[in-house]
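Enquirer: Chain by chain, the residues run as shown.
Protein chains: 2
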Amino acid sequence: MKWAGPRILQHIHLDSNPTDRMTTPSASLLRTVDEIMTPRSIAVIGASEDPRKFGGRILRTLLEQGFHGTLYPVNAQRGELLGHQAYPSIDRIPGPIDLAIMAIPREHVLDTIAQCAKAGVKGAIVVTSKFSDAGDEGAALERDLVEIAHRSGMRILGPNCIGIISPVNNFVLCPSPVLLGRSVLRGEIGFVSQSGAVMGTIFDRAISQGIGFSHCISIGNQGDLELCDFVDYLIDDPATRVICSYVEGIKRPQRFDQVAARARQAGKPWLIVKAGRTEAGAAAAFSHTASLAGSHAAFAAVCREQGVLLIDEPEAMFLLAAGMSRFPGRTVDKIALLSPSGGGCAMATDRLVDVGGVLATFSTATVAALDPMYPGVAHNPVDIGAANDGASMSHTEQTHRAVLSDVNVDLSLTVITAAPDIARFAEMAADGIAGSDKPSMMVLLPGRAAEEARALLRQRNVLHTDTLDSALRAISAWREWSMFVAPEMPVRPPELPALPAPSAGLLGEQGVKDVITAYGIGVNHGRFASTVLDVASAASQLTSPYVLKIVSSDIVHKTDVGGVALGLEHPEDVETAARKMWERVRVQVPHAQIQGFLVQEQVIGDLELLIGLKHDDQFGPMVVVGAGGVFTELLKDVVLARAPVSSERAVRMLRGLRIAPVLDGMRGKPPIDIQAAAEAVSRLSWLAHDWGASLKELDINPLLVRRAGLGCVAVDGRALLC
Amino acid sequence: MKWAGPRILQHIHLDSNPTDRMTTPSASLLRTVDEIMTPRSIAVIGASEDPRKFGGRILRTLLEQGFHGTLYPVNAQRGELLGHQAYPSIDRIPGPIDLAIMAIPREHVLDTIAQCAKAGVKGAIVVTSKFSDAGDEGAALERDLVEIAHRSGMRILGPNCIGIISPVNNFVLCPSPVLLGRSVLRGEIGFVSQSGAVMGTIFDRAISQGIGFSHCISIGNQGDLELCDFVDYLIDDPATRVICSYVEGIKRPQRFDQVAARARQAGKPWLIVKAGRTEAGAAAAFSHTASLAGSHAAFAAVCREQGVLLIDEPEAMFLLAAGMSRFPGRTVDKIALLSPSGGGCAMATDRLVDVGGVLATFSTATVAALDPMYPGVAHNPVDIGAANDGASMSHTEQTHRAVLSDVNVDLSLTVITAAPDIARFAEMAADGIAGSDKPSMMVLLPGRAAEEARALLRQRNVLHTDTLDSALRAISAWREWSMFVAPEMPVRPPELPALPAPSAGLLGEQGVKDVITAYGIGVNHGRFASTVLDVASAASQLTSPYVLKIVSSDIVHKTDVGGVALGLEHPEDVETAARKMWERVRVQVPHAQIQGFLVQEQVIGDLELLIGLKHDDQFGPMVVVGAGGVFTELLKDVVLARAPVSSERAVRMLRGLRIAPVLDGMRGKPPIDIQAAAEAVSRLSWLAHDWGASLKELDINPLLVRRAGLGCVAVDGRALLC
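Chain order of the listed sequences is A and B.
For the first sequence, our numbering assigns the number 13 to the initial residue and increments by one for each residue that follows.
For the second sequence, our numbering assigns the number 13 to the initial residue and increments by one for each residue that follows.
Any given hint might turn out to be false.
The list makes no distinction among identical chains, and a pair is therefore deemed to hold if it is satisfied within one copy or across any two copies.
Mimicking SDA-like on lysine to any residue, the simulated pairs with C-alpha atoms at most 25 angstroms apart in a straight line are [claimed, not checked]: (1) Lys450 x Met495; (2) Lys142 x Ser404; (3) Lys648 x Glu149; (4) Lys142 x Ile616; (5) Lys450 x Arg436; (6) Lys450 x Ala381; (7) Lys65 x Asn400; (8) Lys570 x Glu238; (9) Lys648 x Val663; (10) Lys648 x Arg664; (11) Lys592 x Ala88; (12) Lys592 x Gly579; (13) Lys592 x Leu371; (14) Lys648 x Gly368; (15) Lys648 x Pro583; (16) Lys142 x Ser515; (17) Lys142 x Gly107; (18) Lys450 x Ala146; (19) Lys346 x Ser564; (20) Lys450 x Leu371; (21) Lys65 x Arg436; (22) Lys65 x Gln410.
Hints were generated in silico from the structure; no laboratory data involved.
Since the model is a prediction, treat every value here as computed from it, not as a measurement.
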């Protein structure tokens with residue numbers, strides 16, 4: 013795998029989004045995340061001894077986890093809390109305060125923040141909710157809060173967050189009840205979460221499986237400090253190897269892009285569970301491109317481009333993060349599957365195949381090593397219960413060692429079902445994988461009967477989980493990461509023109525064809541005829557057979573109203589067809605203004621593609637490729653990328669389509685001209701770059717692609733400008 | 013939902029498979045499953061006190077679970093075991109023996125079985141492995157074993173099984189270590205498993221979640237008694253409401269079909285985890301139908317027809333089974349989703365949508381009931397943490413009660429993340445769903461922090477699991493079951509001819525068209541011409557435009573070798589095209605014998621379908637519908653059913669395709685003639701019935717379907733007979 017350097021895109025639209033600017037001009041005076049993440053003194057405002065209260069859990073957890081700095085509990089009623097001197101208010105605290113946390117009623121938050129600012133607090137964690145998470149009034153309050161803080165350079169984490177768990181920096185400021193009475197586990201995973209409940213959930217599930225964290229930060233409403241501020245911190249943090257995030261929405265898209273690029277350059281994998289990905293945005297249904305390429309698709313495209321991994325559920329995310337942090341840089345493709353039972357092998361193989369996983373073919377050396385133990389059945393998957401040792405499973409350790417040392421194996425997955433001695437089996441398997449430089453995962457399918465095995469694997473630091481789902485999601489994402497190719501820097505073809513963007517409104521087929529012709533994309537020749545009487549003469553200047561199309565800015569889908577006629581042989585056929593078409597369209601769409609007809613040379617292609625452009629509100633110009641013609645809407649088979657793209661990248665986009673098998677020729681058919689199609693995509697993508705936000709969307713459908721060497725031709729297209 | 017009566021199909025091919033016959037003529041003397049499942053006396057052969065040994069675990073578990081009948085431990089060395097008198101051998105046991113179990117070295121099994129037979133044992137459970145699970149020699153030994161048993165009427169369970177766990181009949185004969193030291197939980201789920209390890213795994217995971225069973229039977233190699241014998245027993249067992257199976261292969265397909273129909277008629281859902289479903293059989297790649305319709309597809313079609321639910325993983329299976337047994341007959345469609353956190357709501361909504369689940373729209377009454385607690389956010393999913401009660405979650409019970417009583421809600425799914433008090437939240441949620449006649453499920457996402465909640469939900473008998481995956485699989489399958497429609501009895505159209513099956517070999521396009529024309533399926537008109545010189549005259553008898561096709565039994569895919577020409581206007585164009593085609597094909601496929609040309613009228617259709625027939629080795633004649641033309645292989649979008657099918661059924665098959673949106677007209681296009689296509693499918697399906705096993709496969713591709721009312725036309729086809 014190759015983590016390539018920075019690319020041109022991140023410089024293109026840095027200033028296009030006003031939210032990207034600081035909310036205050038005094039940015040240089042603001043405290044840094046570094047200062048907040050390494051507090052020497054902490055004030056817990058609203059501290060209490062009652063673990064049923066937020067302030068009680070915060071104080072108790074901070075003490076349980078052993079903060080070594082200076083602690084200032086703040087409580088108006090009590091002089092002492094849990095053996096520590098308490099202070100009635102912020103202004104009564106004698107020394108400097110690096111970090112303050114408050115879980116107090118909303119009506120007191122602004123005053124308290126003002127006191128903190130006055131006292132020179134560097135950072136304040138606001139646990140209290142009902143700010144921008146609860147309507148306009150709360151949002152205004154949140155803006156005020158941040159403004160007050162920024163006047164003194166103080167930074168805000170939250171509001172509506174649950175603070176920070178930082179095993180590396182030795183402090184926990186978090187009201188989550190999952191922390192009470194248990195020690196946090198240090199690991200090399202940094203985690204930033206937009207939801208406090210999800211952070212608590214993931215943290216607890218992970219440490220229950222023996223997976224620890226370097227730092228966990230709950231960012232809440234991101235009123236001031238946001239996702240990327242902390243990801244930036246984690247990129248620079250030597251104690252963090254892998255970054256995980258739970259994200260509901262991206263606040264600063266360009267920042268996200270920059271930080272993702274930084275993480276990639278630093279060689280730190282960034283794994284994200286993104287919620288809300290199925291919610292269709294309220295996009296205008298102007299064209300295929302618009303209706304298919306929602307905002308999540310754009311976000312996913314940016315993640316794909318930066319090597320950021322999107323994962324469907326939290327458990328798979330931290331399992332993968334743990335794997336990547338323990339085996340840094342390791343790539344994963346072929347899997348060795350092992351189980352104490354044939355049933356475990358059979359079920360797991362099905363499921364692995366379902367997610368596109370690949371079983372390794374064992375080398376002859378491995379088969380030779382296994383054969384004495386598994387005569388005649390020394391293959392992948394390995395049913396350890398089928399060994400010739402009765403049911404003793406005595407070959408478990410040796411079998412694991414043998415398959416992990418196979419050159420064809422990248423990862424071993426052990427699916428533990430019931431067995432004569434589950435814990436002993438797990439122990440032997442753990443012995444077998446110990447010391448290998450390749451990753452292993454174990455799945456424990458039984459319930460209580462596997463508890464001893466779970467404890468053992470936790471203690472032995474073996475990656476394990478209770479479901480095949482999580483293990484297979486983690487493996488699939490690891491494989492995706494392993495196959496990542498950094499996008500090439502796209503080079504602008506020197507002959508591309510610098511056309512001014514047309515004025516706002518719809519650009520019809522001929523307008524689009526004029527533009528793309530200038531960009532070097534082939535179109536079928538045609539002539540415009542404003543009346544039925546002109547079409548025959550237009551046809552006579554072209555080569556037969558002809559296509560006739562109605563021209564009307566009121567008609568988006570011409571075929572649906574009988575506005576397209578194909579295979580016309582003679583100019584007089586075109587005239588007859590035009591006459592009929594006029595009648596038909598007038599009946600079907602009585603209100604439509606008909607501007608005239610297009611007569612074109614009919615071209616035959618081997619594959620219909622959709623290629624298009626779309627300006628995403630968050631991530632700027634995007635280019636889209638997909639199945640064309642009637643299959644555009646049926647298959648919804650599209651791949652997006654930020655524009656511009658190189659033609660090499662466009663080839664990979666095309667190969668990412670579900671219809672990709674057609675590209676290379678199916679059933680002995682000759683391959684189609686992928687190069688020409690990719691070149692067209694690349695050239696078109698520069699148009700998105702050149703016209704920027706003026707070009708809302710554009711689609712060419714179909715782009716008819718012919719056999720290899722014969723090129724491609726844009727047959728229809730339209731665009732919307734603003 | 014309607015569970016319809018038996019249908020014609022199960023009578024059609026009952027005797028087509030020789031494995032369906034009894035292995036011995038003395039079938040009427042054989043003991044029944046009933047006798048084996050209600051033993052009053054049990055002999056444990058190879059009994060021991062050592063729980064590390066199979067015989068030790070069997071004896072210990074039997075005693076721990078409290079068998080009330082007579083127990084005979086058999087051990088050559090010991091006079092007493094665990095306080096019970098032991099016997100040196102079977103023949104020294106004084107009384108009658110209903111059931112014997114043996115986990116002894118393979119070399120002693122046959123002798124021991126002979127002794128059991130002599131002693132009048134009714135049934136013997138053989139735990140020992142390496143019989144038909146280990147090659148030909150073992151298989152021969154297994155046949156001998158069964159033959160010896162059958163001579164005295166004795167039945168065999170296994171070999172290579174782990175016996176029986178029967179909470180209802182108060183006995184456990186099972187060496188699985190998961191049973192040691194814990195009490196089995198009685199429930200209404202009957203479970204039959206082909207893998208012993210999977211049975212132990214599922215049993216343990218289920219009882220760890222508070223889900224019990226009526227009977228669990230491990231069938232192993234099914235040397236004698238097999239899957240369906242026990243499913244039959246469970247159908248008649250009043251203590252069993254839902255049947256679960258883990259299946260690797262079906263031994264007696266016709267029996268499976270009959271038993272599935274019985275289960276359906278008895279109103280007992282049958283849930284199956286089928287392993288090995290992705291292993292492509294070694295099918296000859298003759299045509300699309302063959303390459304797409306493997307044997308698992310046929311099995312899945314039979315299950316779909318009989319309302320048997322196939323589920324991808326065991327945990328979802330027993331979770332659904334528990335739900336169905338607690339809410340018998342309840343159908344599920346619309347879901348209410350609840351969580352203590354917005355993050356839980358967001359993640360779960362995405363995942364529900366991913367699997368095609370549907371969130372209920374709350375009634376105005378429910379919104380009115382929720383609004384005081386959730387001002388402005390009283391919608392589905394419900395973020396209970398967003399209520400106006402601070403973070404107390406005090407509305408949890410009332411919220412659950414309100415959404416479950418909503419007429420639009422069929423099931424509530426509560427996704428528990430970290431919360432201020434997880435156990436208290438679970439308790440309130442359990443209170444809220446208590447007494448409802450609608451099912452609920454809860455998912456616990458935290459790890460150790462949710463242990464108290466888990467224990468509480470287990471004790472309160474609330475359906476719960478640790479992963480959204482299992483809950484969503486269970487809900488999806490429940491929804492599929494709810495939408496089940498029993499296939500109509502297909503009625504043979506009276507005008508169908510009784511054509512004799514042609515002799516073995518390939519049947520070309522014209523042969524297929526002749527047959528299907530007789531079956532009332534439209535074809536495009538055509539004439540055969542044996543030489544280039546004859547094609548123009550053939551064309552002159554038809555209506556222009558023409559299609560020209562090469563005729564050669566050596567060419568399967570004519571388009572791939574330039575053997576098809578379209579859009580020919582005049583008879584002389586056809587001759588020119590034939591001349592060129594002859595040259596082209598001679599170059600491309602030099603070895604091919606060319607019989608001549610087909611000249612046909614070219615037809616235009618709105619949708620290309622594949623319709624076909626296939627004789628499945630296990631389940632007999634099947635009919636296939638799918639996407640046609642180039643999309644057949646690209647999309648692999650097919651639906652199978654056993655032939656014959658009614659046209660109503662054929663409509664449902666077509667609507668089950670991924671390309672189904674096209675049927676009703678996309679983007680304002682008129683709908684296509686589904687009725688005509690379905691009628692063609694139904695008629696074709698009778699051909700599969702009429703020709704039986706002689707017809708190996710047949711496919712028509714494309715069947716061109718026109719707009720509604722205009723019918724459909726078979727344009728190409730071929731068949732293979734044997």
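Enquirer: All hints, please: hold or fail.
Expert: These are the hints, each one checked on the structure:
1. Only within a single protomer do Lys450 and Met495 lie at most 25 angstroms apart by alpha-carbon distance; the minimum there is 17 angstroms, versus 47 angstroms between protomers.
2. Proximity of Lys142 and Ser404 under a CA criterion of 25 angstroms is satisfied inter-copy only: 15 angstroms between copies versus 60 angstroms inside one chain copy.
3. In this homomeric assembly, Lys648 and Glu149 never come within 25 angstroms of each other (Cα to Cα): the closest approach is 41 angstroms inside a single copy and 54 angstroms across copies.
4. In the homo-oligomer, the alpha carbons of Lys142 and Ile616 never lie at most 25 angstroms apart, since the shortest distance is 61 angstroms inside one protomer and 62 angstroms across protomers.
5. For the homomeric pair Lys450 and Arg436, the shortest alpha-carbon distance inside one copy (22 angstroms) is at most 25 angstroms, but the shortest distance between copies (43 angstroms) is not.
6. Taking the shortest alpha-carbon separations for Lys450 and Ala381, only the intra-copy value of 19 angstroms comes in at or below 25 angstroms, while the best inter-copy value is 56 angstroms.
7. Proximity of Lys65 and Asn400 under a CA criterion of 25 angstroms is satisfied inter-copy only: 17 angstroms between copies versus 60 angstroms inside one chain copy.
8. For the homomeric pair Lys570 and Glu238, neither the shortest alpha-carbon distance inside one copy (47 angstroms) nor that between copies (62 angstroms) is at most 25 angstroms.
9. For the homomeric pair Lys648 and Val663, the shortest alpha-carbon distances inside one copy (19 angstroms) and between copies (24 angstroms) are both at most 25 angstroms.
10. Proximity of Lys648 and Arg664 under a CA criterion of 25 angstroms is satisfied in both settings, with 18 angstroms inside one chain copy and 23 angstroms between copies.
11. In the homo-oligomer, the alpha carbons of Lys592 and Ala88 never lie at most 25 angstroms apart, since the shortest distance is 88 angstroms inside one protomer and 99 angstroms across protomers.
12. In the homo-oligomer, the alpha carbons of Lys592 and Gly579 lie at most 25 angstroms apart both inside one protomer (15 angstroms) and across protomers (21 angstroms), since each shortest distance falls under that limit.
13. In this assembly of identical chains, the alpha carbons of Lys592 and Leu371 never lie at most 25 angstroms apart, being 60 angstroms within a copy and 48 angstroms across copies at closest.
14. For the homomeric pair Lys648 and Gly368, the shortest alpha-carbon distances inside one copy (20 angstroms) and between copies (16 angstroms) are both at most 25 angstroms.
15. Neither within a single protomer nor between protomers do Lys648 and Pro583 lie at most 25 angstroms apart by alpha-carbon distance, with minima of 38 angstroms and 42 angstroms respectively.
16. Proximity of Lys142 and Ser515 under a CA criterion of 25 angstroms is satisfied in neither setting, with 44 angstroms inside one chain copy and 80 angstroms between copies.
17. For the homomeric pair Lys142 and Gly107, neither the shortest alpha-carbon distance inside one copy (32 angstroms) nor that between copies (77 angstroms) is at most 25 angstroms.
18. Taking the shortest alpha-carbon separations for Lys450 and Ala146, neither the intra-copy value of 48 angstroms nor the inter-copy value of 33 angstroms comes in at or below 25 angstroms.
19. For a Cα distance limit of 25 angstroms, the shortest separation of Lys346 from Ser564 qualifies neither inside one copy, at 55 angstroms, nor across copies, at 44 angstroms.
20. For the homomeric pair Lys450 and Leu371, the shortest alpha-carbon distance inside one copy (15 angstroms) is at most 25 angstroms, but the shortest distance between copies (43 angstroms) is not.
21. Taking the closest pair of Cα atoms, Lys65 and Arg436 come within 25 angstroms of each other only across two copies (15 angstroms); inside a single copy the shortest separation is 44 angstroms, beyond that limit.
22. Only between protomers do Lys65 and Gln410 lie at most 25 angstroms apart by alpha-carbon distance; the minimum there is 23 angstroms, versus 53 angstroms within a single protomer.
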